[in-house]
Every structure is written in structure tokens, then in C-alpha cells.
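**Q** Respectively, the protein sequence lines represent chains Z and U. So in the numbering used here, spot 19 of the first sequence is number 19, and the numbers just go up one at a time. Add 1000 to the 1-based position in the second sequence for the numbering used here, that's all there is to it.
It is possible that part of the hints are untrue.
[What the hints assert, rightly or not] In silico DSSO-like pairs for lysine-lysine, Cα to Cα no more than 30 Å straight-line: (1) Lys1071/U <-> Lys7/Z; (2) Lys101/Z <-> Lys1083/U; (3) Lys1071/U <-> Lys101/Z; (4) Lys49/Z <-> Lys1111/U; (5) Lys1083/U <-> Lys49/Z; (6) Lys68/Z <-> Lys49/Z; (7) Lys7/Z <-> Lys101/Z; (8) Lys1111/U <-> Lys7/Z; (9) Lys56/Z <-> Lys7/Z.
The set of hints was computed from the structure by calculation and includes no laboratory data.
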Amino acid sequence: GDSVTQKQGQVTLSEDDFLFINCTYSTTTYPTLLWYVQYPGQGPQLLLKVTTANNKGISRGFEATYDKGTTSFHLQKASVQESDSAVYFCALARTRNMGYKLTFGTGTSLLVDP
Amino acid sequence: EAGVTQSPRYAVLQEGQAVSFWCDPISGHDTLYWYQQPRDQGPQLLVYFRDEAVIDNSQLPSDRFSAVRPKGTNSTLKIQSAKQGDTATYLCASSLGRGENERLFFGHGTKLSVL
């Protein structure tokens, strides 16, 4: 079945540091890959999405590249701000049975010190 | 445009008690999802509906959990006899698009603690 792995449980950075969050996936075909961000007390919000047609997604200064060779979908940002502190989830999406099934990773908690 | 609305925001109960969660999706969204998110984990799909029909409830613990969406709008998720392992945040999401254009919008969730 589909699975998503995020090995980093927590990342602590200072403002203006470079962010890199690791994500790898396992599946039998080429799914749509997504990053969600979840702020305290809120539901996950879509940050960016990449399909097989467009290998790279960019949103709000974040970017992720779909690498089929290494089955990775790492999230990067050149310069983080305190407001980026949140939990980031990598997810894999499949369209099936009149629905859109998401498989989430365990999440990476980002804390940015001012 | 109003987002996905869920109530209550919090629930605390003893093992064996029943609880219901309510979800009002974004107007016009025909697909509605319920996810369970244990602490420090990602959301996990429980059940989803297209209009009033259950499309997939294979991950719903059917002996104690039930979900309905009778008019294809609001939905209720019920736990009949809660266990400590049910402690989690229950998220509702709705969507309208199809295929790769589909996008889920999540509510704030109901945080359940079973003592």
C-alpha cells in the first residue's frame, strides 16, 4: 500500500535560516504529492501540490520537487520566519472511488526562534 | 465564504460513554471526509461520503463508530462506547473538485479526550 515517511519529528531554527524537511514515499504508481501545514488549534491547510505533470511546486516561499528516482518530495525554504512555526505534513493523494484519498506522514514540527 | 465548521471544539468523557461530532461542510461541496488525528501523528481517513452515500468506510471501527450524512450536507460522526485509544482530534474535510483538481478543506477539528 501507499506510505509516506518523515524522519524528522522536530526541527528548530532561527529566523532567516534555511529549511529542509525530508519526505520519502512508497507507492506502486505515480501519485500526486502534497505538503500541508497545520497551525495550533487548526486543521491542516494545503501548502503546495505537485502532480506527475509538473515536478515542482512553489508557494509562499516554500518549494518542493517531485523526484521519482529517489521517491522523495523534500520541502525547502530559503529563509524562515517566526510565523512559519507549525507542523508540516507530507502527503500522497490518490483519486479513487469517487474520492480523493490522502495518506499523511507523521509530521515535522518546525519551531523558528525570533 | 465560510469554511468547514465543526462542533464541539473539545470533548472529555469517561470510557464507555458515547459522543457525537458534527460537521457543516463548505456550501456546495459534495464530498465530505472524516479523519482521525492521534496526538503527534498525521490524519488518518475514517470514512467519506459523496452526497448522502457512504463511498468508503473500510477504516471505520464499525462496532463502535458510525457516520451519517442524511441530506448530503451536514454530517455526524458518533462513537458509541469510547475507549482511551479513541483519544485524538477528529477532523472533517469537504471538497468539490474532481481528480487531480480536487482539494480538501479541513475544519478546526474536535479534540477528544477519553479518560
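**Q** Check each numbered hint against the structure and report the violated ones by number, ascending.
**A** As far as the earlier hints go, 1 and 5 are violated by this structure, in ascending order.
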